[in-house]
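Trainee: Chain by chain, the residues run as shown.
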Amino acid sequence: MSDLRAAVAAGALGSEESYRELLQSIVEVARAIFGARASSVFLHDDETDELVFEAVAGEGAGELVGQRFPSSTGIAGWVLVTRQPLVVDELDKDQRFAREAAESTGFVPKGLMAAPLLHEDRALGVIEVLDRPQQSAFSLAEMELLGLFANEAAIALDLLQKARSARTVLEEEGGDAAALARFAARLDEAEPEKREAAIQLLDALGRLLRER
Amino acid sequence: MSEPADLPAWSLPAGAGERISIGVDWPEQVTRDWAFGEATGKGVRVCILDSGIEAGHPQVGSVEGAVAFHRGQDEEIERVDDTEGDLCGHGTACAGIVRSLAPECDLYSARVLGAGFKGSGPVLLEGLRWAVEEGFDVINMSLSTTKRQFAELLHELADKAYFNNTVLVASAHNMPVESYPWRFSSVISVGSHEEADPMTFFYNPSPPVEFFARGVGVEIAWLGGGTILSTGNSFATPHMSAICALVLSKHPELTPFQLKSVLYLTANNVGGGR
Numbered sequence: 041m042s043d044l045r046a047a048v049a050a051g052a053l054g055s056e057e058s059y060r061e062l063l064q065s066i067v068e069v070a071r072a073i074f075g076a077r078a079s080s081v082f083l084h085d086d087e088t089d090e091l092v093f094e095a096v097a098g099e100g101a102g103e104l105v106g107q108r109f110p111s112s113t114g115i116a117g118w119v120l121v122t123r124q125p126l127v128v129d130e131l132d133k134d135q136r137f138a139r140e141a142a143e144s145t146g147f148v149p150k151g152l153m154a155a156p157l158l159h160e161d162r163a164l165g166v167i168e169v170l171d172r173p174q175q176s177a178f179s180l181a182e183m184e185l186l187g188l189f190a191n192e193a194a195i196a197l198d199l200l201q202k203a204r205s206a207r208t209v210l211e212e213e214g215g216d217a218a219a220l221a222r223f224a225a226r227l228d229e230a231e232p233e234k235r236e237a238a239i240q241l242l243d244a245l246g247r248l249l250r251e252r
Numbered sequence: 028m029s030e031p032a033d034l035p036a037w038s039l040p041a042g043a044g045e046r047i048s049i050g051v052d053w054p055e056q057v058t059r060d061w062a063f064g065e066a067t068g069k070g071v072r073v074c075i076l077d078s079g080i081e082a083g084h085p086q087v088g089s090v091e092g093a094v095a096f097h098r099g100q101d102e103e104i105e106r107v108d109d110t111e112g113d114l115c116g117h118g119t120a121c122a123g124i125v126r127s128l129a130p131e132c133d134l135y136s137a138r139v140l141g142a143g144f145k146g147s148g149p150v151l152l153e154g155l156r157w158a159v160e161e162g163f164d165v166i167n168m169s170l171s172t173t174k175r176q177f178a179e180l181l182h183e184l185a186d187k188a189y190f191n192n193t194v195l196v197a198s199a200h201n202m203p204v205e206s207y208p209w210r211f212s213s214v215i216s217v218g219s220h221e222e223a224d225p226m227t228f229f230y231n232p233s234p235p236v237e238f239f240a241r242g243v244g245v246e247i248a249w250l251g252g253g254t255i256l257s258t259g260n261s262f263a264t265p266h267m268s269a270i271c272a273l274v275l276s277k278h279p280e281l282t283p284f285q286l287k288s289v290l291y292l293t294a295n296n297v298g299g300g301r
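In the order they appear, the protein sequences are chains B and C. If you read the first sequence in our numbering, its first letter stands for residue 41, the second for the next number, and so on. If you read the second sequence in our numbering, its first letter stands for residue 28, the second for the next number, and so on.
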């Protein structure tokens with residue numbers, strides 16, 4: 041039942057797209073604030089135990105979203121499994137890393153900063169900021185700033201996951217749940233007077249069902 | 028360091044104070060020279076609870092023993108001899124830092140990371156349980172968990188380590204989240220400072236993070252034999268582990284409580300690093 045409530049509460053239909061936009065806007069802002077070449081958010085897919093590019097700003101935007109890799113590999117993997125934020129510089133010195141990065145993302149970062157996305161007691165994914173051509177190495181103050189972005193991204197990712205599971209519930213349960221979600225969506229769009237009338241009707245219906 | 032059988036464990040009878048006199052010959056002023064001057068870490072067993080160690084890496088040298096923990100069938104956690112080394116590099120980086128400051132310590136690896144994120148909590152717990160039961164002098168944990176369901180068990184293990192004379196050194200979080208085991212008072216928790224000297228460390232008068240060690244722009248061992256520059260509490264922690272190993276190699280009789288006092292007294296902002 042809680043899934044059903046989540047489905048309705050999320051206003052289900054359409055909210056997934058909004059949360060995705062929110063996530064995209066977080067990586068855009070992170071990239072701008074840090075003056076970085078790119079910024080991305082990875083989601084941990086619990087079913088396949090992989091990290092998935094969920095939002096990308098700058099280099100790789102457009103191509104990377106949806107790409108996946110095993111959850112404990114790469115620097116994003118370190119950060120996820122240790123739950124520790126991390127900065128790595130001089131990555132281009134490492135031939136193997138450079139080759140792998142170039143193959144998967146199309147460019148080789150010199151340095152990157154990454155933080156885990158922690159929400160309540162779960163680790164949902166990782167946020168990364170890559171390369172700042174104009175600036176020096178990342179400092180502790182910047183890691184703390186990234187922590188703030190990570191917090192924001194974790195909330196957005198949590199909402200996105202909830203919206204997705206709500207959609208899954210709707211798709212799986214078909215009839216009843218979908219009807220309720222459609223109703224919630226219509227209610228959301230309605231003019232105030234119509235909405236009030238609809239709620240009155242719904243209350244009356246609720247009373248009728250209780251009397252049964 | 029087991030206690031002689033005739034020592035009181037739960038209460039102290041009248042006139043028995045002398046029977047439990049402590050053997051440490053404490054100087055009037057605890058200095059760095061007294062605490063770890065000329066120390067090399069010799070004879071101290073340091074366990075890196077992490078992603079494994081690439082044995083033979085120039086920054087690491089020899090590894091005395093390595094085991095790996097993973098989920099077997101039926102979700103049971105299995106321990107096997109580790110023949111793969113390090114799959115991601117994090118543990119090798121930590122080991123290299125410990126080796127650089129405590130060149131003669133004995134390094135051991137317990138691999139609890141690298142086999143996927145899912146189910147990593149029980150693997151971590153089992154690895155820590157093993158390391159505590161093995162009685163290592165120092166366990167380096169450059170990692171934490173946010174799962175509340177593991178907090179109680181981790182707490183028990185941290186306390187068990189503390190009373191068994193095993194020092195647990197754990198990375199703190201610089202983010203506003205609840206995570207463990209670094210928050211427990213029985214461990215030595217470590218955050219980063221931005222100084223370049225690897226032996227500079229500070230006592231934090233505003234816990235729960237208790238110490239700050241070098242964690243910015245650290246040259247870390249990188250898989251394949253090279254090095255790279257990195258920043259994070261993950262790398263501040265092994266600096267503190269190494270300093271613990273140095274103190275313990277010179278004063279093996281110290282308990283974790285006494286060791287923490289020595290670290291306090293020799294911290295740069297307390298004894299002025301004297």
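Worth flagging that the hints you see were computed from the coordinates, not collected in a lab. In this text the structure is predicted, and so the values were computed from the model without any measurement. There's no promise every hint is true.
What the hints assert, rightly or not - Calculated cross-link-like contacts (lysine to any residue; reagent style SDA-like; alpha-carbon spacing at most 20 Å): (1) B:K150 - C:K145; (2) C:K174 - B:L185; (3) C:K69 - C:W37; (4) C:K145 - B:S176; (5) C:K69 - C:G88; (6) B:K150 - C:E91; (7) B:K150 - B:L188; (8) C:K145 - B:V92; (9) C:K174 - B:D198; (10) C:K145 - B:K133; (11) C:K277 - C:E103; (12) B:K133 - C:I255; (13) C:K187 - C:P203; (14) C:K145 - B:T113; (15) C:K277 - C:K145; (16) B:K133 - C:F211; (17) B:K202 - B:A225.
What the hints assert, rightly or not - Taking CB as the label site, the calculated pair distances span: (18) B:G54 - C:E160: 50 to 56 Å; (19) B:A237 - C:S212: 55 to 61 Å; (20) C:S38 - B:E184: 30 to 36 Å; (21) C:E161 - B:A181: 35 to 41 Å; (22) B:L241 - C:P234: 55 to 61 Å; (23) B:R162 - C:P234: 22 to 28 Å; (24) C:A223 - B:P110: 34 to 40 Å; (25) C:P235 - B:E87: 31 to 37 Å; (26) B:E140 - C:S288: 42 to 48 Å; (27) C:G162 - B:E140: 36 to 42 Å; (28) C:S212 - B:A230: 53 to 59 Å.
As the list claims (entries may be wrong) - Incomplete in silico selection of chain C near chain B, CB under 10 Å: (29) A43; (30) S127; (31) P130; (32) A142; (33) S169; (34) K174; (35) R175; (36) A178; (37) H182; (38) N201; (39) P203; (40) V204.
Note that CB positions come from ideal geometry on N, CA and C, so glycine has one too.
Trainee: Hint by hint, say whether it matches the structure.
Mentor: Here is how each hint holds up against the structure:
no. : hint                        : result
1   : B:K150 - C:K145             : violated (30 Å)
2   : C:K174 - B:L185             : violated (24 Å)
3   : C:K69 - C:W37               : violated (34 Å)
4   : C:K145 - B:S176             : violated (36 Å)
5   : C:K69 - C:G88               : holds (14 Å)
6   : B:K150 - C:E91              : violated (35 Å)
7   : B:K150 - B:L188             : violated (23 Å)
8   : C:K145 - B:V92              : holds (14 Å)
9   : C:K174 - B:D198             : holds (16 Å)
10  : C:K145 - B:K133             : violated (31 Å)
11  : C:K277 - C:E103             : violated (40 Å)
12  : B:K133 - C:I255             : holds (8 Å)
13  : C:K187 - C:P203             : violated (27 Å)
14  : C:K145 - B:T113             : holds (13 Å)
15  : C:K277 - C:K145             : violated (41 Å)
16  : B:K133 - C:F211             : violated (39 Å)
17  : B:K202 - B:A225             : holds (16 Å)
18  : B:G54 - C:E160: 50 to 56 Å  : holds (54 Å)
19  : B:A237 - C:S212: 55 to 61 Å : holds (60 Å)
20  : C:S38 - B:E184: 30 to 36 Å  : violated (48 Å)
21  : C:E161 - B:A181: 35 to 41 Å : holds (39 Å)
22  : B:L241 - C:P234: 55 to 61 Å : holds (58 Å)
23  : B:R162 - C:P234: 22 to 28 Å : holds (26 Å)
24  : C:A223 - B:P110: 34 to 40 Å : holds (35 Å)
25  : C:P235 - B:E87: 31 to 37 Å  : holds (35 Å)
26  : B:E140 - C:S288: 42 to 48 Å : holds (47 Å)
27  : C:G162 - B:E140: 36 to 42 Å : holds (40 Å)
28  : C:S212 - B:A230: 53 to 59 Å : holds (56 Å)
29  : A43                         : violated (47 Å)
30  : S127                        : violated (18 Å)
31  : P130                        : violated (25 Å)
32  : A142                        : holds (7 Å)
33  : S169                        : holds (6 Å)
34  : K174                        : holds (5 Å)
35  : R175                        : holds (5 Å)
36  : A178                        : holds (9 Å)
37  : H182                        : violated (15 Å)
38  : N201                        : holds (6 Å)
39  : P203                        : holds (7 Å)
40  : V204                        : holds (5 Å)
Going down the numbered hints, you'll see the structure goes against 1, 2, 3, 4, 6, 7, 10, 11, 13, 15, 16, 20, 29, 30, 31 and 37, while the others check out.
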